[in-house]
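**Q** Residues per chain, in single letters:
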Amino acid sequence: MIKIESATKIYTNKAPPAVDSLDLDILDGQILGLVGLNGAGKTTSIRMASGIILPTSGHVLVDGHDIVSDKVKAAAQIGWIPELPNFEPNAKPVELMRYFAGFYGIPAEKANQRITTLLTKVGLANDLDKKLRNYSQGMKKRFAIAESIVGDPKNVLFDETLNGLDPEGVVFVRNLMFEMKKEGKAILLSSHILSEVEDVADRVAIINHGKLIKILTRNELRTLGKTIVKISVDNFDDSCLKLLKEFGEPRFDGHDVILSDLTITDDQLVRIPESMIKAGYRIRQFTPMGETLEEYFFELIGEKQ
Amino acid sequence: MRPIAYEIRRTLTSKFVILMIVAIVGLASLLAYENGSTFSTVNVPTTPELTTGYYINGQNLTMVGYFHDAYGNPIDHITAYYEYNNTFYSSIANKYGFANATIPSIPTGKPLTVLVNFTYEKFRQPVSSTHSAFQINPVNLFSGLTVVNEIFNPNNRSNLGMLALYVGPNGSAAPQITFYFSPINLSKVSSTSPASLKNNSTFSFPRSDFVETTIFPKVTAADKGIYYSVVATNASGQFIGLSDSSPVGIIGPLSLYTKLSQSDLQSLVFSGTSQILGFLIPILAIFAAYLTYGKDRTTGVLESVLKRPITRGEIIFSRFISNSVAIIGAVALSMLFSDLIINHYLGSYLSAYFDAYFVWTYVVEGLSFLALVYMFSHLVKSQGALLGAAIAIFVVWDLFWTIIPIAILSALGIGSSTNTYLSAEVLFNYISPAGYGSLVQTFFTGKIGLIASTSINPALFGITAPLLITAGILWMVVPFAIAYSFAVKRD
Chain V
83 MIKIESATKI
93 YTNKAPPAVD
103 SLDLDILDGQ
113 ILGLVGLNGA
123 GKTTSIRMAS
133 GIILPTSGHV
143 LVDGHDIVSD
153 KVKAAAQIGW
163 IPELPNFEPN
173 AKPVELMRYF
183 AGFYGIPAEK
193 ANQRITTLLT
203 KVGLANDLDK
213 KLRNYSQGMK
223 KRFAIAESIV
233 GDPKNVLFDE
243 TLNGLDPEGV
253 VFVRNLMFEM
263 KKEGKAILLS
273 SHILSEVEDV
283 ADRVAIINHG
293 KLIKILTRNE
303 LRTLGKTIVK
313 ISVDNFDDSC
323 LKLLKEFGEP
333 RFDGHDVILS
343 DLTITDDQLV
353 RIPESMIKAG
363 YRIRQFTPMG
373 ETLEEYFFEL
383 IGEKQ
Chain G
90 MRPIAYEIRR
100 TLTSKFVILM
110 IVAIVGLASL
120 LAYENGSTFS
130 TVNVPTTPEL
140 TTGYYINGQN
150 LTMVGYFHDA
160 YGNPIDHITA
170 YYEYNNTFYS
180 SIANKYGFAN
190 ATIPSIPTGK
200 PLTVLVNFTY
210 EKFRQPVSST
220 HSAFQINPVN
230 LFSGLTVVNE
240 IFNPNNRSNL
250 GMLALYVGPN
260 GSAAPQITFY
270 FSPINLSKVS
280 STSPASLKNN
290 STFSFPRSDF
300 VETTIFPKVT
310 AADKGIYYSV
320 VATNASGQFI
330 GLSDSSPVGI
340 IGPLSLYTKL
350 SQSDLQSLVF
360 SGTSQILGFL
370 IPILAIFAAY
380 LTYGKDRTTG
390 VLESVLKRPI
400 TRGEIIFSRF
410 ISNSVAIIGA
420 VALSMLFSDL
430 IINHYLGSYL
440 SAYFDAYFVW
450 TYVVEGLSFL
460 ALVYMFSHLV
470 KSQGALLGAA
480 IAIFVVWDLF
490 WTIIPIAILS
500 ALGIGSSTNT
510 YLSAEVLFNY
520 ISPAGYGSLV
530 QTFFTGKIGL
540 IASTSINPAL
550 FGITAPLLIT
560 AGILWMVVPF
570 AIAYSFAVKR
580 D
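Protein chains in written order, with my numbering: chain V, 83 to 387; chain G, 90 to 580.
No lab work stands behind these hints: they were computed from the structure. Among the clues, some could well be false.
[To be verified] Heads up, simulated DSS-like pairs for lysine-lysine below, C-alpha to C-alpha not over 25 angstroms straight-line:
| # | chain 1 | residue 1 | chain 2 | residue 2 |
| --- | --- | --- | --- | --- |
| 1 | G | K104 | V | K174 |
| 2 | V | K213 | G | K307 |
| 3 | V | K174 | G | K384 |
| 4 | V | K324 | V | K360 |
| 5 | V | K96 | G | K578 |
| 6 | G | K104 | V | K96 |
| 7 | V | K192 | V | K203 |
| 8 | V | K222 | G | K384 |
Please work from the sequences and hints to get the whole structure.
**A** As structure tokens, this is what we get:
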């Protein structure tokens, strides 16, 4: 379990805090999604939690050990998979993993077995002779996953890990997270692709401008609730937009229009297509649906696309 | 694998470090070889020598000439000229050193004289030897045994060696001959019988079937200045007369090679190994620090280590130690090879005291530059800025550090022979790790200046052992302590 207590990170006094009094618990046996726009403070929070950077104030406790004052014990129970993994370019994967394994005091034979298992698991068994500088970004991410859990940590932080992975890789990481969750590990997945988080997280923490805005549970995610309507119109124009504003808040989603913040109840929805047809608009699609995390997120942070 | 072992292995197996260590140790060894081989031959003549004999067959006189160096080793490609009756008979020495020529139609029964000289090349210029007259009595159909004095022993460079040239009937090789050596007072040579000399001999050397051979009696410093008599007997124990018809040859006096003093040896090291280390150790230190710590830190590679169960302090410390191993190894190996080579050629090791100071000096220099780059790794943010800083440290604090003080002091109009100038020079040497080697050199030699040309009392200018050691420790510790503090307290 990772407990972040009033953690603040100020890089420079000329700018607002990158993370401001953040309180967050990453619980054992759960996946916590961390979402926010670029620059919201997700990566800074994770880097503080993994001991890479020092909090300006506040604490990060990893299974009860402070990541700053008791780093050796705390870091032994953290696996951090960075968004852009960066390794000693001339090292070979097994050699570097052995070096990393040395920090956890794993006996050589056991370390070799674990390294082979992990590298095979992440799909790098056929690339062990290559130097890391010859790995693609996707391969580096797979290697990062393997090397981050070489010490079998109880807490694993995935920072935008699904970005840049091929579909097979995305499925692999999802399954890996579920597997770890079953093992009782505390997992954090940060992403700005909200649908990815929505699919796997038990809870989702939304941060913006370094501050925690809200934490949604799995049940809350299921019942985000508010109805929205997706509409496709052949001859859309400004008058149509004006018409839709009578029923809610329209915004564009590609060629479609999403109507949210409805001013009518669900059983009155039929009034919308009726009015549009009466005004001469040809409707190709009219689909009422539940609000997604993405819509909820934008609604919450007040920054409409 | 233990992380520190990996760090050390990583440093020592990086191409840059391997290349630098090979360059440092190789060049230091080459300079030691150059110094050792040059100074080891100072007392040994380099001019070729010609030892001659002859044999007569009918009216043909064959002159046998053996060209050799001061060690008795053969020299080829030298032309010998034998002049008889204003006619020159020449021969070029073969690879065994022999240049023989036959003079036909000599008169029978009359003593004759052959003038001998030779030409050889020195610094690509032909050089002619002086003529020497070789007296031949045709009654003796061969010259027999000739003894050449002052042949140097290549193993200890004492001159109490002997070359024996034997020309038998029709140029045949020597039968079995035993040489007996005994110390002798020159004034008593004529009154001492060969039998007595043989009985009192201290060395004997049997030889057979040779045309030329060298003999080196075992000598010690106690033999210095002593003459030895040489008598030779055949297999039957009969004495063999020498080619000059005397029964006794004299060799000596022994002049043992004088070993260089510690001070001279130290000067050799300061003019050779020291120059190489002073230039290359900072390069090794600066760029090893950049490649294994600074670059990893500024590019984010170090984060893959920082997230492990290790403290920030342990990371910087383990990398510093691994870099230090490379520097200490390069310095120690350079000193070891230089010392071995110097001993091989000059017969003396440098004192352990000097060795320790010398290694300390360049370890201080290396570790100081190492620590400086570690410090700058925490002061700059980007890889490019750090590389620039590393190059600037090398250029300003090492490459041009001997010139910068001169330029500043000249600009200030301070004369080079004043106390102020010398004090300022010492001060400049204290404020750069690159000056540390110069301080130690001044401490040992009492010389200061760009070409160590001014003699001073080092203590009067603040160069004492306690100050040197303190300055060395400060140079290593202070920049590293700053780097360590930044590493622990800042991102």
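**Q** Run every hint past the structure and note whether it holds.
**A** Hints, verified against the model:
For the given pair, G:K104 sits about 15 angstroms from V:K174 by alpha-carbon distance, which is consistent with the 25 angstroms threshold. A threshold of 25 angstroms between alpha carbons decides the hint, and for V:K213 with G:K307 the separation of about 62 angstroms lies outside it, so the pair is violated. Under the criterion of a C-alpha separation no larger than 25 angstroms, the hint pairing V:K174 with G:K384 is consistent with the structure, at around 18 angstroms. Distance restraint check for V:K324 and V:K360: the Cα-Cα separation of roughly 14 angstroms lies within the 25 angstroms cut-off, and the hinted pair is therefore satisfied.
Of the supplied pair hints, the one linking V:K96 and G:K578 holds, its CA atoms being roughly 20 angstroms apart against a limit of 25 angstroms. With a C-alpha separation of about 43 angstroms, the suggested pairing of G:K104 with V:K96 is violated against the 25 angstroms cut-off. The straight-line distance between the Cα atoms of V:K192 and V:K203 is roughly 16 angstroms, inside the 25 angstroms bound, and the hint therefore holds. A distance of roughly 19 angstroms separates the Cα atoms of V:K222 and G:K384; the hinted pair therefore holds under the 25 angstroms criterion.
Hints 2, 6 from the list above are not met by this structure, while the remaining hints are.
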